[in-house]
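The listed protein sequences derive, respectively, from chains A and B. Throughout the first sequence, residue numbering follows my numbering, covering 3 to 114 in sequence. Throughout the second sequence, residue numbering follows my numbering, covering 29 to 142 in sequence.
I should point out that these hints are in silico values taken from the structure, not numbers from a laboratory. As the structure is a computational prediction, the values presented were derived from the model and not from experiment. Watch out, some of these pointers could steer you wrong.
Said to hold, decoys possible - Each computed DMTMM-like pair below joins lysine to aspartate or glutamate, with the alpha-carbon atoms no more than 20 Å apart:
no.	chain 1	residue 1	chain 2	residue 2
1	A	Lys71	B	Asp85
2	B	Lys99	B	Asp85
3	A	Lys38	B	Glu130
4	A	Lys38	A	Glu17
5	B	Lys106	B	Asp85
6	B	Lys72	B	Glu42
7	A	Lys53	B	Glu130
8	B	Lys99	B	Asp84
9	B	Lys106	B	Asp84
10	A	Lys58	B	Asp114
11	A	Lys72	A	Asp85
12	B	Lys43	B	Glu130
13	B	Lys43	B	Glu113
14	A	Lys59	B	Glu130
15	A	Lys58	A	Glu17
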Amino acid sequence: GQQVMQIPQYQHVQEGEDFTTYCNSSTTLSNIQWYKQRPGGHPVFLIQLVKSGEVKKQKRLTFQFGEAKKNSSLHITATQTTDVGTYFCADGASGGSYIPTFGRGTSLIVHP
Amino acid sequence: EAGVAQSPRYKIIEKRQSVAFWCNPISGHATLYWYQQILGQGPKLLIQFQNNGVVDDSQLPKDRFSAERLKGVDSTLKIQPAKLEDSAVYLCASSFGDRGYEQYFGPGTRLTVT
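Just chain A, same shape as in the assembly (with noise of 0.2 Å):
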């Protein structure tokens, strides 16, 4: 099936700065799909990148759908300390087989 890497794993920043995970596949993705997860938390739905190109944003986040369908970015200005947790994508694929895979997620830790 899909398989769905991201880097980093970890980042720290300090409050205020920009904070960029970025998701890459070795398969063309139908669309892509990004979640957020809290500490202790489970995942929760931010938004889906279904263009080539696509760029979509949601106050200081913004996510990108690289051209070819490989590979998608989120990238938040002015990190906040509710910013913390785990952002995963996952491969939203929306036809043919399809098993749901999410990436191995990237933590974002935010020092006030």
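Following the hints, complete the assembly by docking chain B onto the known chain A.
Okay, now just chain B, sitting in the frame of chain A:
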């Protein structure tokens, strides 16, 4: 709307014992997923149901794990007998459809096998 419900929230058992988890998805969601999340990793799909039929169970260790969704609503996941490596959080999720739809996760069951 009510979210995905799971019980129990925590379970501690000894190896070789059996355990069962229950999940009630969001009303109207046809697709139900069971995931295993080991500490420090992303959720790994165990089984996916569409209504009461199995869509995929290729990653379910069928020698010890079983799951059912008899009436196409709630579901149970069972482990018998448990091994130490089964210690993980078991997440249930549901979605409106089976592909390309956002998944709503329950709070999970944290299983510790001693």
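Each hint, compared with the structure:
no.	hint	verdict
1	Lys71/A <-> Asp85/B	27 Å, violated
2	Lys99/B <-> Asp85/B	18 Å, holds
3	Lys38/A <-> Glu130/B	13 Å, holds
4	Lys38/A <-> Glu17/A	18 Å, holds
5	Lys106/B <-> Asp85/B	14 Å, holds
6	Lys72/B <-> Glu42/B	23 Å, violated
7	Lys53/A <-> Glu130/B	16 Å, holds
8	Lys99/B <-> Asp84/B	18 Å, holds
9	Lys106/B <-> Asp84/B	17 Å, holds
10	Lys58/A <-> Asp114/B	38 Å, violated
11	Lys72/A <-> Asp85/A	26 Å, violated
12	Lys43/B <-> Glu130/B	35 Å, violated
13	Lys43/B <-> Glu113/B	9 Å, holds
14	Lys59/A <-> Glu130/B	17 Å, holds
15	Lys58/A <-> Glu17/A	23 Å, violated
Going down the numbered hints, you'll see the structure goes against 1, 6, 10, 11, 12 and 15, while the others check out.
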